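A.B. asks: Please construct the entire structure, taking both the sequences and the accompanying hints into account.
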Amino acid sequence: MTDARSGNKLLSYVLLVVLGFAMVYPLIWLVVSSFKTNADIFGSSSLFAGSYVTDSYAKGWAGTGQYGFKDFFLNTFVLVVPTVIFTIVSSVVVAYGFARFRFPLQTILFSLMMATLMLPDSTIMIPRYILFNKMGWLDTYLPFIVPAAFATSAFFVYMLIQFFRGLPRELDESAKIDGCNSFTILIRILLPLCKPAIFSVGIFQFIWTWNDFFNSIIYISSVKKFTVSLGLRMTLDASSAVSWNQVLAMSVVSIVPCIILFFMAQKYFVEGISTTGLKG
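Mapped onto my numbering, the consecutive letters of the sequence shown carry residue numbers 1 to 280.
No lab work stands behind these hints, which were simulated from the structure alone. Worth double-checking, as some hints may not be accurate.
Cut-off 27 Å, straight-line C-alpha distance, at most; resulting in silico cross-link-like pairs (DSS-like, lysine-lysine) [unchecked claim]:
id, residue 1, residue 2
1, 134, 224
2, 225, 70
3, 224, 70
4, 59, 70
5, 59, 225
6, 224, 59
7, 70, 134
8, 176, 195
9, 195, 267
Derived DEER-like restraints, expressed as beta-carbon distance ranges [claimed, not checked]:
id, residue 1, residue 2, range
10, 85, 256, 17 to 25 Å
11, 74, 107, 39 to 47 Å
12, 135, 51, 49 to 57 Å
13, 256, 195, 20 to 28 Å
14, 112, 74, 18 to 26 Å
Everything numeric in this text was worked out from a predicted model, so none of it was measured. All residues carry an ideal CB built from backbone N, CA and C; glycine is no exception.
C.D. replies: Here's what the structure looks like:
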């Protein structure tokens with residue numbers, strides 16, 4: 001019996017290692033290929049090459065025109081940071097209202113909010129573009145930042161509602177006895193307990209906005225305002241031959257902020273997912 005259990009455990013570990021390697025291999029290939037020449041990238045399926053280049057990161061960072069990836073990274077942070085902050089603040093306020101208060105049409109409004117989760121983004125893409133065009137927001141970051149300030153992401157609102165509902169109402173009642181109002185209860189009592197959910201919202205929104213190519217290419221047209229995703233695409237539009245090692249090098253650099261953020265907040269992220277009813 002013991003030998004059978006040991007064999008099953010060993011087999012499980014082997015399968016996990018193989019599966020883990022299969023998932024990490026594309027990232028390994030990306031890093032290694034960023035030091036290869038074009039001939040080695042397309043001429044061999046081997047992970048390693050006969051010769052390597054060491055200037056792909058420096059040349060890729062400098063860019064191919066007037067603007068380099070330093071500008072693209074700065075633009076992306078200017079876009080992402082306010083979007084994340086406004087998403088967190090607005091989602092917390094709306095979720096707190098749904099979870100802790102009773103008001104007219106609450107059920108209808110909650111149902112409408114949940115219905116937006118089932119609405120394909122493509123159905124509102126054109127009306128949204130026309131609206132932002134009439135408001136003069138095209139070629140700015142406002143189409144990303146302003147909607148975030150109004151809790152337009154039903155997914156995050158719902159996730160926070162579930163977390164608030166998991167907190168006992170006795171906390172609110174005790175705070176009211178001590179003279180706290182609703183705002184003070186939220187700031188001093190509930191928010192410290194909501195760190196896992198808030199970190200989860202922040203990480204999700206940061207990664208999604210950072211990697212967003214579709215909306216960026218729709219609303220941003222000036223090269224000087226390009227984000228990292230648009231900068232990577234621009235390198236493929238160069239009139240000369242594409243230096244794929246530079247493209248891959250900047251792809252590696254572009255995922256570094258997301259990886260750093262995830263590992264810094266991994267503890268809160270895992271706890272937030274496991275306590276908001278989203279765990280499978």
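A.B. asks: All the hints need checking, so say for each whether the structure fits it.
C.D. replies: To see whether the hints hold, each was checked on the structure:
{"no.": "1", "hint": "134 / 224", "result": "holds (23 Å)"}
{"no.": "2", "hint": "225 / 70", "result": "holds (12 Å)"}
{"no.": "3", "hint": "224 / 70", "result": "holds (11 Å)"}
{"no.": "4", "hint": "59 / 70", "result": "holds (12 Å)"}
{"no.": "5", "hint": "59 / 225", "result": "holds (20 Å)"}
{"no.": "6", "hint": "224 / 59", "result": "holds (19 Å)"}
{"no.": "7", "hint": "70 / 134", "result": "violated (32 Å)"}
{"no.": "8", "hint": "176 / 195", "result": "holds (22 Å)"}
{"no.": "9", "hint": "195 / 267", "result": "holds (10 Å)"}
{"no.": "10", "hint": "85 / 256: 17 to 25 Å", "result": "holds (21 Å)"}
{"no.": "11", "hint": "74 / 107: 39 to 47 Å", "result": "holds (45 Å)"}
{"no.": "12", "hint": "135 / 51: 49 to 57 Å", "result": "holds (53 Å)"}
{"no.": "13", "hint": "256 / 195: 20 to 28 Å", "result": "holds (24 Å)"}
{"no.": "14", "hint": "112 / 74: 18 to 26 Å", "result": "violated (38 Å)"}
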